[in-house]
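Engineer: Chain by chain, the residues:
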Amino acid sequence: MSKALIQYICTVADNNLILGQRLGELCGHGPNIETDIALTNIGLDLFGQVRSYFQYAAKLEGGNSSEDTFAFLRKENEYKNVLLVEQPNTDFAYTILRQFLYDVYHIRFMEHLQQSNDETLAAIAAKGVKEVAYHARFSADWVRRLGDGTKESHRRAQQALDDLYTYTDELFHHNESELNLVNEGIAVNTAQFKSDYYQTIHAVFSEATLQVPDQKYFLKGGKKGIHSEHMGYILTEMQYMQRTYPNMQW
Amino acid sequence: MKDWPLWEVFIRSKNGLEHRHCGSLHAADAQMALENARDVYTRRSEGVSIWVVPSAMITASQPEESAELFDPAADKAYRHPTFYVLPDELKHM
Amino acid sequence: MSEMEIKSLEERFNQRIANDEKIEAKDWMPEKYRKTHIRQISQHAHSEIVGMLPEGNWITRCPTLRRKVALLAKVQDEGGHGLYLYSAAETLGISREELIEQLLSGEAKYSSIFNYPALTWADMGAIGWLVDGAAIMNQVALINTSYGPYSRAMIRICKEESFHQRQGYEIMMALMNGTQDQRDMAQDALNRWWWPSLMMFGPRDAESPNTEQSMRWKLKRKTNDELRQAFVDQTVPQAELIGLRIPDDKLKWNEDRKHYDFGDIDWEEFWQVVNGHGPCNKQRLEARRKAHEEGAWVRDAAMAYAEKQSNKPLRVAV
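Residue numbers (the working numbering), protein chains in the order written: chain A, 1 to 250; chain B, 1001 to 1093; chain C, 2001 to 2318.
Certain hints may be false.
Said to hold, decoys possible - Derived DSSO-like pairs (lysine-lysine); straight-line CA-CA distance at most 27 angstroms:
(1) C:LYS2308 - A:LYS151
(2) B:LYS1076 - C:LYS2022
(3) B:LYS1076 - A:LYS127
(4) A:LYS151 - C:LYS2290
Stated by the list, open to error - Derived list of chain A stretches under chain C, where covered just means 3 residues or more per stretch with a C-beta under 8 angstroms from a C-beta of chain C:
(5) 29–35
(6) 44–55
(7) 66–72
(8) 136–150
(9) 235–245
Everything labelled a hint here was simulated from the structure, so no lab data went into it. Beta carbons: idealized from backbone N, C-alpha and C, even for Gly.
Next comes chain A alone, as it looks inside the complex (with noise of 0.2 angstroms):
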């Protein structure tokens, strides 16, 4: 039982950790600095749900493990995450599509996970569910300027939705952790909320003057730790440190 709840807390913390790593990079290069400062907001929300999480995680492990053995110290084959949120920030559209269609899961799942009856997971979505329903606004804000602003942004922000697009199935789908938990109504049963989700996007999309794109083939495999090849340079990175020097302090 905790070890399919640790793996399910991993399965759900990898998705911001990995997001927060690419919101992470783009700090000091934002198009401006208002905005620059936003999106740095929105990583620092992601990163402190994450330690709430590990440090949960950590505590049901016990042993030597910590929220940072948890962060930094799987293989890539450990790590749950979904493909979306490792896709690289390729422009500013990447960078808010991916966000948006993200923010649009994050926000129902927080909600859903209010309702858990493991009550330390129920407490840290209560929290997070206010910081989430931020960046679901601010994304699907950016969304709208971008795909009705100009030509050229509208065609970014297109060519951005068509390309990630293909990832959203993935997040509705169940890895063994979930399928062990949602029954005991631990974890979150995600496809109750898929319809409403790409209603949803495909509403801001409208709006947005963006076309939804006519998608037969869905791509997955980060749930079940199968990662595009974007993920061995986001942990070289993100490792270095606690691999290069192992079992310090910092």
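Go by the hints and put chains B and C onto chain A.
Structural biologist: Chains B and C in isolation, oriented as in the chain A frame:
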């Protein structure tokens, strides 16, 4: 193309207090100005309410007018309680 | 206005500053006051923004989550401080766009310290401890500067920066409490950042022509050499407390002066970096230019959208 316009930001630090001017920032529209103000000026829980106003919409008095605008108030001592002489025995008035 | 009138205005202006009155944006001010302030405030703003880069490089590589959120928040604060300062400069009648153009064209300067590379994790400690420590000495003095918007920005900045130096020192402390590898890393960072930090206070007083005027306008409250001395006096015991050695053989407490004597700064290196030939001058400006150019279409999109939207505020809730 031109830069985003400048907005002035006013923050109420807690209910019961007035909004106070705390700085300015750039934003393309009002919604964004509000969000940017939240992200820039309330990172340390400085506020419970925000006003944003396009800087160009503010009408300000000019320093050259300050003599005629503000000096006349200086000799209206009768607006202040100390102008009125009352016996010492009278407390709390 | 006749020369006589300007002269009398200037006399009154100087008198106001001498009386500790603040100058506000719309007040009359000598053209030189305006220009000097635009230059100094924007230089300060550019330093904050360029200063995000060396530490920004390490956000993705922080050794722990606790360090990661602290560093991310710190670098973000620097962006915020740049924003406050650009806003203060804008009250003097210059736009942010123009100020950024001046930075990117190389016309405006920023603090040379950020043209040094951040090579190891310990550099995050050294930068927070030394570079922020040096910056704070300057900034605290500026809280009482004569120009109101600049002074208010400094108040806000000093309040927020109080965690920055502690963050850096704590990193150094953790390293000095760690393994030999970690202690070496900390000492190496101090060796590389010590002298550039002393250079942050600028040329010796004898070679700093603006000092007198800046003192009168309270753009400077202490001279470069006074601040540098105060920084050395403050920092040496902090280094000793955690077992770090200041890389200066001439460093010695002078009982008569009640100050530390210290060795000679390599002024040739100082001018080399100031004049654009430091280890990272090119890449720092290049990074700023890239962000600005790649952001152009984003800024344009937001303006275009705002203009289209002015009549139709309906939106879908998400």
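Engineer: Each hint: holds or not?
Structural biologist: Going through the hints against the structure:
Distance check on the hinted pair: C:LYS2308 and A:LYS151 sit about 13 angstroms apart at the alpha-carbon level, within 27 angstroms; holds. In summary, the hint linking B:LYS1076 to C:LYS2022 is supported, as the alpha carbons are separated by about 26 angstroms, within the 27 angstroms threshold. At roughly 55 angstroms between alpha-carbon atoms, B:LYS1076 and A:LYS127 are farther apart than 27 angstroms, so this suggested pair is violated. Between A:LYS151 and C:LYS2290, the direct Cα distance comes to roughly 21 angstroms. Compliance with the 27 angstroms bound is thereby established for this hinted pair.
Against chain C, the region 29–35 of chain A contributes 7 residues with a C-beta closer than 8 angstroms to a partner C-beta. That satisfies the three-residue criterion, and the hint holds. With 6 residues carrying a beta carbon less than 8 angstroms from a beta carbon of chain C, the region 44–55 of chain A meets the three-residue requirement, and the given coverage holds. Given as covered by chain C, the region 66–72 of chain A passes the check, having 4 residues with a CB less than 8 angstroms from a CB of that chain where 3 are the minimum. For a cut-off of 8 angstroms, the count of residues in the region 136–150 of chain A with a CB near a CB of chain C stands at 9, and the three-residue condition holds.
By the rule of at least three residues with a Cβ nearer than 8 angstroms to a Cβ of chain C, the coverage given for the region 235–245 of chain A holds, with 6 such residues.
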